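Peer 1: Here's the letter readout for the chains.
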Amino acid sequence: MSAAPTLFFSEEIARGIRECGARDYPNETCGAMLGVDGERREVRALFPLVNRRDDSPRNRFSVTAEDVRAAERAATEQGLELIGWYHSHPDHPARPSEFDREHAWPWYSYVIVSVAAGQPQDMTSWRLADDRSHYLPEELGAPQGK
Amino acid sequence: MAIKLEIPTALRPFTGKQASVEFEAATVGEALKTLTTTYGDLRKHLYNDDGKLRSFVNIYVNDEDIRYLEKENTAIKDGDTISIVPSIAGGR
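Residue numbers (the numbering used here), protein chains in the order written: chain A, 1 to 146; chain B, 1 to 92.
Check before you lean on any hint, since a few could be wrong.
Here are some of the chain B residues that sit facing chain A, going by a computed Cβ distance under 10 Å [stated by the list, open to error]:
1) R12
2) G16
3) K33
4) G51
5) F56
6) N58
7) N62
8) Y68
Stretches of chain B that chain A covers, calculated by requiring three or more beta carbons in the stretch to come under 8 Å of a beta carbon on chain A [stated by the list, open to error]:
9) 24-30
10) 41-47
11) 70-82
Here's a subset of chain A near chain B, in silico, CB distances under 8 Å, partners left out [stated by the list, open to error]:
12) D55
13) N59
14) S62
15) V63
16) T64
17) H87
18) H103
19) Y108
20) Y135
21) P137
22) G141
Keep in mind that the hints were calculated from the coordinates and are not lab data. Predicted, not measured: the structure shown is a model, and the values here were computed from it. Where is the CB? At the ideal position from N, CA and C, for every residue including glycine.
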């Protein structure tokens, strides 16, 4: 992994993530990001999912193994890869929590959108360090120089 | 007995980008031990500091979750496929 990885996505994708965050507020939203990971990593499609944490959906999200498999199938059908996950932090900054880090997988991009009083705010992206000790910030870029 | 072990995308950087590997093993536990011995950097992503499988790591034998079988003692036979399937969690 390079020192400063970048995750590329269009304004339409960014808007889609923000809209999911606003729609599911005050609960956390979650979904998969489908795209390509070659010379650069780019999100091409979103795969919104249901937050399975019925007990504490306002500060936790959960995606089951079956949902992960469904997201992988959707990616394959579109000629894409499952490259990461997005979720919201309702009334909380768009920074990964200790809980996020403890439950993260390597390699995936993890996008977090902050939603304050129902309004989407900052969006950030992160990747887990290979030794699991911390998250590395990922730059957000527009595709094709847009 | 040769079994196939499918590696999720997120862990392939630790297996030389291989999507699957084949090992001789009699149980799921043996297969995972061989996997994490062969590819040592994988271990911390599958097991916690107590040596237990992490809660978000799901192991299937031919599409059956080992939690509903004999967990890591689940016997495997020639031609079986073991899959490591992530579940995803987080929150503020």
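Peer 1: Does each hint hold? Answer for all of them.
Peer 2: How the hints compare with the structure:
1. R12: Hint holds; R12 (chain B) Cβ to chain A Cβ min 8 Å, cut 10 Å.
2. G16: violated (14 Å)
3. K33: violated (20 Å)
4. G51: violated (15 Å)
5. F56: holds (6 Å)
6. N58: Constraint on N58 (chain B) satisfied, holds at 4 Å.
7. N62: violated (14 Å)
8. Y68: violated (12 Å)
9. 24-30: violated (count 0)
10. 41-47: holds (count 3)
11. 70-82: violated (count 0)
12. D55: This hint is violated: D55 (chain A) lies away from chain B, its Cβ roughly 11 Å from the closest one there, beyond 8 Å.
13. N59: holds (5 Å)
14. S62: Nearest chain B Cβ about 5 Å off; hint holds.
15. V63: holds (4 Å)
16. T64: holds (5 Å)
17. H87: Result: holds, 6 Å to nearest chain B Cβ.
18. H103: holds (4 Å)
19. Y108: Hint on Y108 (chain A): holds, closest Cβ of chain B at ~5 Å, below 8 Å.
20. Y135: violated (11 Å)
21. P137: violated (16 Å)
22. G141: violated (21 Å)
Hint compliance for this structure: hints 2, 3, 4, 7, 8, 9, 11, 12, 20, 21, 22 are broken, all remaining hints hold.
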